[in-house]
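Chain by chain, the residues:
Protein chains: 4
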Amino acid sequence: MSAIDEETPSLGKSQARPEPKGMVRVFLKYLRPPIGEFHAVCLFVFVGVVASTNVDTLSVAVAHGLAIALLVAVYGGISGGHVNPAVTFGVVIGGRCEVFIGLLYIIFQLLGGVFGAALARMVLTVGYTSTGNVTNVDLYEAIGGGVPQLAEGVTAWNGVFVEAILTFILVLTVLMTAVDQQLSIAPLCIGFAVLVDIIVGGSITGAAMNPARSFGPALVAGIWTNEWIYWIGPILGALFAGGSYRVFLAKSEYRILFKDKSE
Amino acid sequence: MSAIDEETPSLGKSQARPEPKGMVRVFLKYLRPPIGEFHAVCLFVFVGVVASTNVDTLSVAVAHGLAIALLVAVYGGISGGHVNPAVTFGVVIGGRCEVFIGLLYIIFQLLGGVFGAALARMVLTVGYTSTGNVTNVDLYEAIGGGVPQLAEGVTAWNGVFVEAILTFILVLTVLMTAVDQQLSIAPLCIGFAVLVDIIVGGSITGAAMNPARSFGPALVAGIWTNEWIYWIGPILGALFAGGSYRVFLAKSEYRILFKDKSE
Amino acid sequence: MSAIDEETPSLGKSQARPEPKGMVRVFLKYLRPPIGEFHAVCLFVFVGVVASTNVDTLSVAVAHGLAIALLVAVYGGISGGHVNPAVTFGVVIGGRCEVFIGLLYIIFQLLGGVFGAALARMVLTVGYTSTGNVTNVDLYEAIGGGVPQLAEGVTAWNGVFVEAILTFILVLTVLMTAVDQQLSIAPLCIGFAVLVDIIVGGSITGAAMNPARSFGPALVAGIWTNEWIYWIGPILGALFAGGSYRVFLAKSEYRILFKDKSE
Amino acid sequence: MSAIDEETPSLGKSQARPEPKGMVRVFLKYLRPPIGEFHAVCLFVFVGVVASTNVDTLSVAVAHGLAIALLVAVYGGISGGHVNPAVTFGVVIGGRCEVFIGLLYIIFQLLGGVFGAALARMVLTVGYTSTGNVTNVDLYEAIGGGVPQLAEGVTAWNGVFVEAILTFILVLTVLMTAVDQQLSIAPLCIGFAVLVDIIVGGSITGAAMNPARSFGPALVAGIWTNEWIYWIGPILGALFAGGSYRVFLAKSEYRILFKDKSE
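Chains as they are written, first to last, in our numbering: chain A, 811 to 1073; chain B, 811 to 1073; chain C, 811 to 1073; chain D, 811 to 1073.
Source of the hints: derived by calculation from the structure; they are not laboratory data.
Check each hint, because a few of them may be wrong.
Copies of the same chain look alike in the list, so a pair counts if it fits in one copy or across any two.
[Stated by the list, open to error] Cut-off 25 Å, straight-line C-alpha distance, at most; resulting in silico cross-link-like pairs (BS3-like, lysine-lysine):
| # | residue 1 | residue 2 |
| --- | --- | --- |
| 1 | K831 | K1069 |
| 2 | K1061 | K831 |
| 3 | K1069 | K839 |
With the sequences and hints as input, model every part of the structure.
Below is the structure:
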């Protein structure tokens, strides 16, 4: 079963049809989905970094959240619309994505994050004349290159914990609404998870919940402080979400506990 | 008829299939749904208490409302996605949930509220170094432990009345959109009810509309002032909503007045 | 054909079934729908007036808009979810609601508006102790009883024009998304129309677009300045929307121009 | 195949039926769709210009975004709900709209933009008495006639680039969610694209992404500074989005690369 069949949140159109073969199969399974993820993460990180020039948390949360909602809907039929290495990891743990496909996705997602952050840097620096009131340095430096950072006084373990629990909510939402139930409103729910999480954790850790969102801007800005927190936290959150799903929450076919012949 | 069949807002997939038996039936009916409710309320109260560190009512309303929307969608297929003892009470009154299942739910919801409030307290206190500008005491104390409180000058009976009418709107939305009509957008409507209610009542009673949302933080913070208001109000609101549904609004099968053979 | 069959935005469940008869028919066609409209408008006006204590336009717009979204979803299967005499008038003009039913609706909607405004006044006045910082007079007087008013300098004809064009958008959305296409997201679109209209016209006319929203608070507060504007404007807007629909936009069955046998 | 069949985002109702003929066909294919686009753009530009009197970016973004969401839903079944010459251009490039229909749409969209901007000017100027605190000149001049402008210091090529990438996101969303997958939530996703884009680019270029949104207000206000940027940027963005769709992202039937007989 291919990744694009398993994870796609597009509903109601699964009809028996002959499996594609040869180059078409390679294209549909190994080529287009990772490129789609590159594409989606690039747009997401660009949007996220530039939106961070808004000072109110609500606007930043809405921009990230609704961007995820639309990107999941746009790329859902192409790649499943993960847009996030932590989501891909959680879906692999949950048994709904092949490991090899997952690795491909994560590589392309990280590349997309770097590319999106580079575009954002370009727009916010050399895109301004140095004589304007907003000089070509201010804006990009003011937002610290869009790299998520711990707020003052937050301990490292707390940062890991908050990123973990927020990512848990996000990955659980992906697994339950898009992968498992394939609800028509799944992209909205996934976007809402990001939106809510940023309102909740934005003033603690920045609420990245996405290693590609932290890695790309970090590489482009050369700011690596606490980068590890934005990998360990989301990985732990995704691990618990994927595990809860696999053991307990999935429908019988994918569940480990109390499998049900009649289900 | 099991709770998960009656209340689930997931649509369009009801096909005749053999009833599960033995341990699988116990798991699907008595074990997984209450644990799911524990899970959902824990995440909701964590999100709600930490989000209360935002000072603008709109952000707090959006965080609570959209969190409910996604949790209803995530746990809808597991437990019906009540996430609230008042909702469970209203659904029991409305004749769409067994009393025993309802009691189980409420116990697990209250436990979830305590656990979520404890996680939030941990994140907002010992997760900060005491030398930072935001000390490990400020944030949690500043929001009064996230316990809903009456605004200055609001009388107790007004608090009960406002909580009752706001909960009435919420429970009616659950009964009509998710339980009765099983609309695909039901989780969004339920989330909107919470969001709107907080904009309306946030500056009067805090708009808890959920005894687990008030009980958990109250126990963890040791603040019991007016706690009874956040039980009596929601119970009255749920009673009227469940009653209106049962007597008047439900489709014929579940309605008391003017039952219709042809419906 | 009954009103509840014609206007309901609940989708995909229309199957041939015997028409109900006798008292059940009276209940389903002439009793429950108007009472549902009373119910819905009462909740809407209560929510709207109390939400007006928020000072930022965005919160007020979100509260009114999402309240309409959920009320349309909740009462859609009961009465079509008009929640507004202007909507009822537009749907009658559009040929999708019987005149007698429409008159019944409008009477009950106006009564609901009065009742909702009275509840809001009670909550905002006698619900506060006079010794608090917010006295029992301030809040209700500060919002002028929640009665929509022209901003300073706005001429009466401009008020009528703005109310007309905003109501046109609202009624057109109802007719095209709920009545004609019966989209699953219709309640959201209708709510968005109210939300957007308030951001647009809130600082000009208050963007009532609903005679029950202006009449109820006006009667309860005894403030009748410019009340006629909030009747003439919405009536004109609904007339144009209903007319555009009837003549031009409706599907062939209900359209006057270029009727299509094959459609 | 007619434009209204190809592009409509209204779902699940495509059943074989006889093609309409004669005047009815002309009406349904060449008359009603362009007039619908005129209609929709007129309302959108009116809403957009008047909403610009709000000072916070979030309100302006929400007004534009949700207005697009509801207009796409309202006119989706009439014209496909483009509401934007750049969208029409992208859909033509993507091979999902005839060139002649596209040209018709663009002409009517531009006329709609002019008409909407004229209505907005009327409401914001002669609709105020000159003796009020807000005089009949202030409001319209304060928002520069609602014409999108580059922020201080932004270079022209950066303006083009930002408009291009934001329009790319918008047109891609239209092509993938409405045209290709015909998701029930497509109108919401398209609205979210506009909403997010304005939060992201509002403080750089104003985030018009729509030549009718810039042309109409520019003509009515007589402000032509940088107007070319709001044509070249969106055209480039739509070209890339339509091209990506055609070559790579479309389902096999409309895709150029790796066409799949079995798909």
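Quick rundown of the hints versus the structure:
no.: 1; hint: K831 x K1069; in the structure: between (33 Å within a copy, 11 Å between copies)
no.: 2; hint: K1061 x K831; in the structure: between (30 Å within a copy, 16 Å between copies)
no.: 3; hint: K1069 x K839; in the structure: between (29 Å within a copy, 14 Å between copies)
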